[in-house]
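> Following the hints, complete the assembly by docking chains B and C with the ligands onto the known chain A.
Here is how the chains run, residue by residue.
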Amino acid sequence: MAPEGLFLPGEEVIMASVKVEKLEKVYPNGFKALHGIDLQIADGEFMVVVGPSGCAKSTLLRLIAGLEEVTSGTITIGDRVVNDLDPKDRRIAMVFQNYALYPHMTAYENMAFALKLAKLPRAEIDARVREAAAKLEIEGLLDRKPKDMSGGQRQRVAVGRAIVRKPDVFLFDEPLSNLDAKLRVSMRARLVQLHRELKAGGQRAAMVYVTHDQVEAMTMGDRITVMKDGRIMQTDTPMALYERPANKFVAGFIGSPAMNIHRAGLKRIGDQVVVAVSGQEWALAPAQAARVLASWPADGEEVWFGIRPDSIDLAGPGGEQAGLCGEISLVERTGGEAYCYFRVNGDEYVARLEGSRAGQLQPGDVGQFRVKVDEGHVFSGAGGTNISLPAV
Amino acid sequence: MFKTGRRGVGQVSARGNLLLNLFLFLLSAACVYPLLFVLMISLSSNESIAANGYRLWPGQFSFGAYQYMFTIGQQIITSYGVTIVVTVAGTVLSVLITSLYAYAIARDDFRYRKFFTYLAIIPLLFSGGLVPFYMVSTQLLHFRNSLLGLIMPLAFNSFFIMILRTYFRAGNIKPLIEAAKIDGAGEFRIFFRIVLPLSLPGVATIALFSAFAYWGDWYNALLFIDQPSLTPVQAMLMNIQSNLQFIIQNSTNLSAQAFDLLRNMPTDAARMAVVILATVPIILAYPFFQRYFIRGLTVGGVKD
Amino acid sequence: MSVRATGGWRLRKNTAFLLMVLPGFIWLVLLKYLPMGGIVLAFKNFHFARGGFWQSLWESSWCGLQNFEFLFASQNAWIITRNTILYNLVFIVTGTILALAIAVALSELLNRRLAKLYQTCLFFPYFLSWVVVGYLLLGFLSFDKGAVNGMLGQFGWQPVQWYDQPGVWPYILSFINLWKNAGYNAVIYLAAIMGIDRQYYEAAEIDGAGKWQQTIYVTLPHLYKLIIVMVLLAVGRIFSADFGLFYQVPLNSGALYPTTDVIDTYVFRSLMYTGDIGMTTAAGLYQSVVGFILIMLVNKVIKKYDRESAMF
Ligand SMILES: Nc1ncnc2c1ncn2[C@@H]1O[C@H](COP(=O)(O)OP(=O)(O)O)[C@@H](O)[C@H]1O
Ligand SMILES: [Mg+2]
Numbered sequence: 264m265a266p267e268g269l270f271l272p273g274e275e276v277i278m279a280s281v282k283v284e285k286l287e288k289v290y291p292n293g294f295k296a297l298h299g300i301d302l303q304i305a306d307g308e309f310m311v312v313v314g315p316s317g318c319a320k321s322t323l324l325r326l327i328a329g330l331e332e333v334t335s336g337t338i339t340i341g342d343r344v345v346n347d348l349d350p351k352d353r354r355i356a357m358v359f360q361n362y363a364l365y366p367h368m369t370a371y372e373n374m375a376f377a378l379k380l381a382k383l384p385r386a387e388i389d390a391r392v393r394e395a396a397a398k399l400e401i402e403g404l405l406d407r408k409p410k411d412m413s414g415g416q417r418q419r420v421a422v423g424r425a426i427v428r429k430p431d432v433f434l435f436d437e438p439l440s441n442l443d444a445k446l447r448v449s450m451r452a453r454l455v456q457l458h459r460e461l462k463a464g465g466q467r468a469a470m471v472y473v474t475h476d477q478v479e480a481m482t483m484g485d486r487i488t489v490m491k492d493g494r495i496m497q498t499d500t501p502m503a504l505y506e507r508p509a510n511k512f513v514a515g516f517i518g519s520p521a522m523n524i525h526r527a528g529l530k531r532i533g534d535q536v537v538v539a540v541s542g543q544e545w546a547l548a549p550a551q552a553a554r555v556l557a558s559w560p561a562d563g564e565e566v567w568f569g570i571r572p573d574s575i576d577l578a579g580p581g582g583e584q585a586g587l588c589g590e591i592s593l594v595e596r597t598g599g600e601a602y603c604y605f606r607v608n609g610d611e612y613v614a615r616l617e618g619s620r621a622g623q624l625q626p627g628d629v630g631q632f633r634v635k636v637d638e639g640h641v642f643s644g645a646g647g648t649n650i651s652l653p654a655v
Numbered sequence: 034m035f036k037t038g039r040r041g042v043g044q045v046s047a048r049g050n051l052l053l054n055l056f057l058f059l060l061s062a063a064c065v066y067p068l069l070f071v072l073m074i075s076l077s078s079n080e081s082i083a084a085n086g087y088r089l090w091p092g093q094f095s096f097g098a099y100q101y102m103f104t105i106g107q108q109i110i111t112s113y114g115v116t117i118v119v120t121v122a123g124t125v126l127s128v129l130i131t132s133l134y135a136y137a138i139a140r141d142d143f144r145y146r147k148f149f150t151y152l153a154i155i156p157l158l159f160s161g162g163l164v165p166f167y168m169v170s171t172q173l174l175h176f177r178n179s180l181l182g183l184i185m186p187l188a189f190n191s192f193f194i195m196i197l198r199t200y201f202r203a204g205n206i207k208p209l210i211e212a213a214k215i216d217g218a219g220e221f222r223i224f225f226r227i228v229l230p231l232s233l234p235g236v237a238t239i240a241l242f243s244a245f246a247y248w249g250d251w252y253n254a255l256l257f258i259d260q261p262s263l264t265p266v267q268a269m270l271m272n273i274q275s276n277l278q279f280i281i282q283n284s285t286n287l288s289a290q291a292f293d294l295l296r297n298m299p300t301d302a303a304r305m306a307v308v309i310l311a312t313v314p315i316i317l318a319y320p321f322f323q324r325y326f327i328r329g330l331t332v333g334g335v336k337d
Numbered sequence: 012m013s014v015r016a017t018g019g020w021r022l023r024k025n026t027a028f029l030l031m032v033l034p035g036f037i038w039l040v041l042l043k044y045l046p047m048g049g050i051v052l053a054f055k056n057f058h059f060a061r062g063g064f065w066q067s068l069w070e071s072s073w074c075g076l077q078n079f080e081f082l083f084a085s086q087n088a089w090i091i092t093r094n095t096i097l098y099n100l101v102f103i104v105t106g107t108i109l110a111l112a113i114a115v116a117l118s119e120l121l122n123r124r125l126a127k128l129y130q131t132c133l134f135f136p137y138f139l140s141w142v143v144v145g146y147l148l149l150g151f152l153s154f155d156k157g158a159v160n161g162m163l164g165q166f167g168w169q170p171v172q173w174y175d176q177p178g179v180w181p182y183i184l185s186f187i188n189l190w191k192n193a194g195y196n197a198v199i200y201l202a203a204i205m206g207i208d209r210q211y212y213e214a215a216e217i218d219g220a221g222k223w224q225q226t227i228y229v230t231l232p233h234l235y236k237l238i239i240v241m242v243l244l245a246v247g248r249i250f251s252a253d254f255g256l257f258y259q260v261p262l263n264s265g266a267l268y269p270t271t272d273v274i275d276t277y278v279f280r281s282l283m284y285t286g287d288i289g290m291t292t293a294a295g296l297y298q299s300v301v302g303f304i305l306i307m308l309v310n311k312v313i314k315k316y317d318r319e320s321a322m323f
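As you go down the protein sequences, you meet chains A, B and C in turn.
Residue numbers 264 to 655, in this note's numbering, belong to the letters of the first sequence in order.
Residue numbers 34 to 337, in this note's numbering, belong to the letters of the second sequence in order.
Residue numbers 12 to 323, in this note's numbering, belong to the letters of the third sequence in order.
Take the hints with a grain of salt, since some may be wrong.
Straight-line C-alpha distance at most 30 Å; calculated DSS-like pairs for lysine-lysine [as the list claims (entries may be wrong)]: (1) A/Lys-379 x B/Lys-207; (2) A/Lys-379 x A/Lys-410; (3) B/Lys-147 x C/Lys-311.
Quick list of simulated restraints, FRET-style, between CB atoms [to be verified]: (4) A/Glu-400 x B/Phe-148: 46 to 54 Å; (5) B/Phe-148 x C/Thr-285: 37 to 45 Å; (6) B/Thr-199 x A/Ala-444: 34 to 42 Å; (7) C/Lys-315 x A/Asp-411: 43 to 51 Å; (8) C/Val-312 x B/Ala-318: 36 to 44 Å; (9) C/Arg-248 x B/Leu-59: 25 to 33 Å; (10) C/Val-312 x B/Phe-103: 54 to 62 Å; (11) B/Lys-147 x A/Leu-348: 22 to 30 Å; (12) C/His-233 x A/Phe-294: 31 to 39 Å; (13) B/Leu-59 x C/Phe-64: 50 to 58 Å; (14) C/Ile-199 x B/Phe-148: 29 to 37 Å; (15) C/Val-242 x A/Leu-380: 50 to 58 Å; (16) A/Val-344 x C/Lys-236: 52 to 60 Å; (17) C/Ile-207 x B/Thr-199: 19 to 27 Å.
Computed list of chain B residues with no C-beta within reach of chain C, every gap over 10 Å [to be verified]: (18) Gln-93; (19) Ser-179; (20) Leu-231.
Think of the hints as simulated: they come from the structure by calculation, not from any bench.
Quick reminder that beta carbons are idealized off the backbone N, C-alpha and C, glycines included.
Excised from the complex, chain A in its bound form (with noise of 0.2 Å):
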């Protein structure tokens, strides 16, 4: 059977590396964590999980990690089932969040105890290490042990750890988030570029990445899986979701700052379908309208409907097309651009605009906004379902 959805930019389908069917966990206190997740990630993928906290996207890890017990359903690795094995017999790695390095055992000795317990010849065990190290450029760090060394050396001897054993999948559970923003965002890159030089190098590890910053994901994910509450709420590359989110939990979690969702009605006028939010009335573009159209809600149904800050701009002197009107409450400058914020009818809004552009702006002003209504959202009411969507 060919896997659905595992067709990566540039790449032929391939084996699914990591394969989770129905997964359910329920935690010895009788908390279910889990609601039957279905997962693949292909050889040589980079996927992110991303989710707010409590979301159980460690505790997916661990049961991959085999750290914690299956309650039900199954996880492949490679072409094994491994429910019933120990961690080591996985073939995976993993990176702490608060690193669990070793602290009575130096960075050499940290790297190399699973190879040493795994019998590997000392020569090869130290020329994995100093392979390894080269690779994180840690060589100066091997003789010290964690606690002399800083947040960032810790982090880069924990994924050291990792790559000694070749695993075939890297399990990472929010391996940054002990480090300060700028150093967040260079081992962000270090570690893509990482995952690219392995790749290069003929080792076609897939990376299961657990982070709650869905800029992280954005940025480093070839594919993101958005979680919520046990439950997958989407999975696709980054691009797809942040234009295509598939109902209204992923559109607002996705994106910085956070897509504009209000409540609103839908109308039905002969074949053209408005929308009425915030006191607005805006007529959907016609294959948008069609598609709303497809997924009719019940009548009177209110639904939500969403517009990331991009698709709202300052009115140019013309003004026939869809508007907003509202009174400026903050202005965060950036320097290349500029974060708005308005209110109309009581609804909140922000829209993103060209540093320039914002000229002098000022809370307290009443700004006239256009909005690019054929790149907004509808959700239905209840579900939260994204019914604007094309259908793939």
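Chains B and C with the ligands alone, transformed into the frame defined by chain A:
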């Protein structure tokens, strides 16, 4: 104006400090004085004790008691040997048994941890009493006149279990256990290579408590031992209270010279010399290890 | 197909842990739980007969509560119970007060070095064995050579046969108990005092509280819980005595039994010298049962008072 009596924020006044010092000094002196006194008795000559009784400053100093100990006190050597063997073997054994047990019940993924936790706690609450213990020990386990009788009763201790368990449950340990699992270490290797080295302060505390308990133990000897060759130092001390002969009855070849010594035996000084010899190791070791004891006292509760 | 974690995996995971608890388990069974079964002796008319202990045990007849009747009919049960409880009560009160005083004094001392030194001295007696303590006391109380009688002599008073005077021993033993254990308890209180946030003292200072008032209004309230718990724990153990204190320190002198005999020494002597196994077991069981009830009660009280500090 003058500055006396002005105290820093949160500090006692100079006069208060003086009073506190006085109070603590007197108490501290009371704690140390008796041992000093006994030391001086052990250094007194026979004549001076006969004439003046025990004095902090003897009329006449003499190392006679110690000399005497080392010339014919064969028993002292034997007893020291017994105590050292029991202390070393017992401490190693008890640290091993206790830490393994405590570690297993500290692990969340041990299925029967509750059962074994209760199993260790219940004896703290209820015991069969001395007689059944004595009967089982002598009739079933044959502790009578056996080193086992000195080692086994102290080899496991539920309080140690509770202290160690808190160390093993410390927040930093769990992720390391998981990392080690992923690295492919088995449970015993995880324990000996990762957990034990990281819990060294806790284990050292237990080892010290244990070593001091073995060193100071006379109770099990009182119950089980009447052979001089198996009598530890503390029990020997007990025996010579009534009968200093005990020290020499074990010596095989009493020369004429030894008999001579025996006649002029510095009885009182000799007893006190044995007290000093039995206590010296503790005096020497205790100040260095004090902080471990304090830590041991302030961690650990029975509760889950 | 969904695959559940198999029993095999579970067991394999637990085997290592079971091996780890095995030595301790064996120890507990042999030295704690088997003796608990031995309490049947309390209900038997046990005599050593030919064929050894086990056969005697098997063949000896049941006698119901006769051993207990015998125990409580004698004057002894009353004396040892009274002594045990009274001593413990005195120890709890005096011990707590002195330990607190030491802890507060140590914590307030300006010179930390000195505080450390004092603490080392005060903690020291705790590490001496009771045999050694017996000797130390003998140095003072010996009839012909002891320091106390020597001093009395200098004032022209008659020497006293201390080890023949039951009346003074409650005081002596209470003093010795303080001497040996106060430092130990002080260490526990001191650790708690050191844990109090300095800001409370600074706030009190700003409010104009003197050092003494700070002790009353900041330190003691913070220790309140700990004191109650420590006292309650001691109350739970009020039915058992420190054997060494009552056996070694009075040098097991028969003349002193009326005031120095406690349940533990009584049981020990009965076992070693009288050979009335049934009655002695009964005495021990009496102690265990009452002690158990007390501990359970105390734990209940603590639980109500402060969940955190309850033992289980
Ligand atoms: N050992 C456990 N026992 C019970 N509940 C747990 C346990 N571990 C995690 N949980 C719960 O499962 C949920 C998911 O936890 P986790 O996977 O750590 O979330 P995340 O990593 O996404 O923040 C949380 O609600 C958490 O409280
Ligand atoms: Mg997590």
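> Does each hint fit the structure? Answer for all of them.
Here's how the hints hold up against the structure:
1. Proximity of A/Lys-379 to B/Lys-207 is assessed by CA-CA distance (about 22 Å); at most 30 Å being required, the pair is judged to hold.
2. A threshold of 30 Å between alpha carbons decides the hint, and for A/Lys-379 with A/Lys-410 the separation of about 23 Å falls inside it, so the pair holds.
3. Taking the CA atoms of B/Lys-147 and C/Lys-311, the gap is near 20 Å; set against the 30 Å cutoff, the hint holds.
4. The supplied range of 46 to 54 Å is met by A/Glu-400 and B/Phe-148, whose beta-carbon atoms lie about 51 Å from each other.
5. For the hinted restraint 37 to 45 Å between B/Phe-148 and C/Thr-285, the CB-CB distance of approximately 40 Å keeps it satisfied.
6. At about 36 Å, the beta-carbon gap between B/Thr-199 and A/Ala-444 stays in the expected band of 34 to 42 Å.
7. One distance hint, 43 to 51 Å for the beta-carbon pair C/Lys-315 and A/Asp-411, holds here, with the actual separation near 49 Å.
8. With their beta carbons about 39 Å apart, C/Val-312 and B/Ala-318 fall inside the hinted range of 36 to 44 Å.
9. Under the hint 25 to 33 Å, the C-beta atoms of C/Arg-248 and B/Leu-59, about 30 Å apart, fit the expected range.
10. Under the hint 54 to 62 Å, the C-beta atoms of C/Val-312 and B/Phe-103, about 56 Å apart, fit the expected range.
11. For B/Lys-147 and A/Leu-348, the Cβ-Cβ distance of about 27 Å falls inside the hinted range of 22 to 30 Å, so the restraint holds.
12. Our hint of 31 to 39 Å for C/His-233 and A/Phe-294 holds, since their Cβ atoms are close to 36 Å apart.
13. At roughly 54 Å, the beta carbons of B/Leu-59 and C/Phe-64 sit within the given window of 50 to 58 Å.
14. Distance hint check for C/Ile-199 and B/Phe-148: the Cβ-Cβ separation is about 31 Å, which falls inside the suggested range of 29 to 37 Å.
15. At about 51 Å, the beta-carbon gap between C/Val-242 and A/Leu-380 stays in the expected band of 50 to 58 Å.
16. As the Cβ distance of A/Val-344 to C/Lys-236 is approximately 53 Å, the hint placing it in 52 to 60 Å holds.
17. Take C/Ile-207 and B/Thr-199: their Cβ atoms lie about 21 Å apart, and the range 19 to 27 Å holds.
18. Here B/Gln-93 stays apart from chain C, with its beta-carbon at least about 15 Å from theirs, past the 10 Å limit.
19. Annotated as non-interface, B/Ser-179 keeps its C-beta farther than 10 Å from every C-beta of chain C; the closest such distance is 14 Å.
20. Chain C leaves B/Leu-231 outside its interface by the beta-carbon criterion, the shortest separation being 17 Å against a cut-off of 10 Å.
Violated hints are absent here; each numbered hint is respected by the structure.
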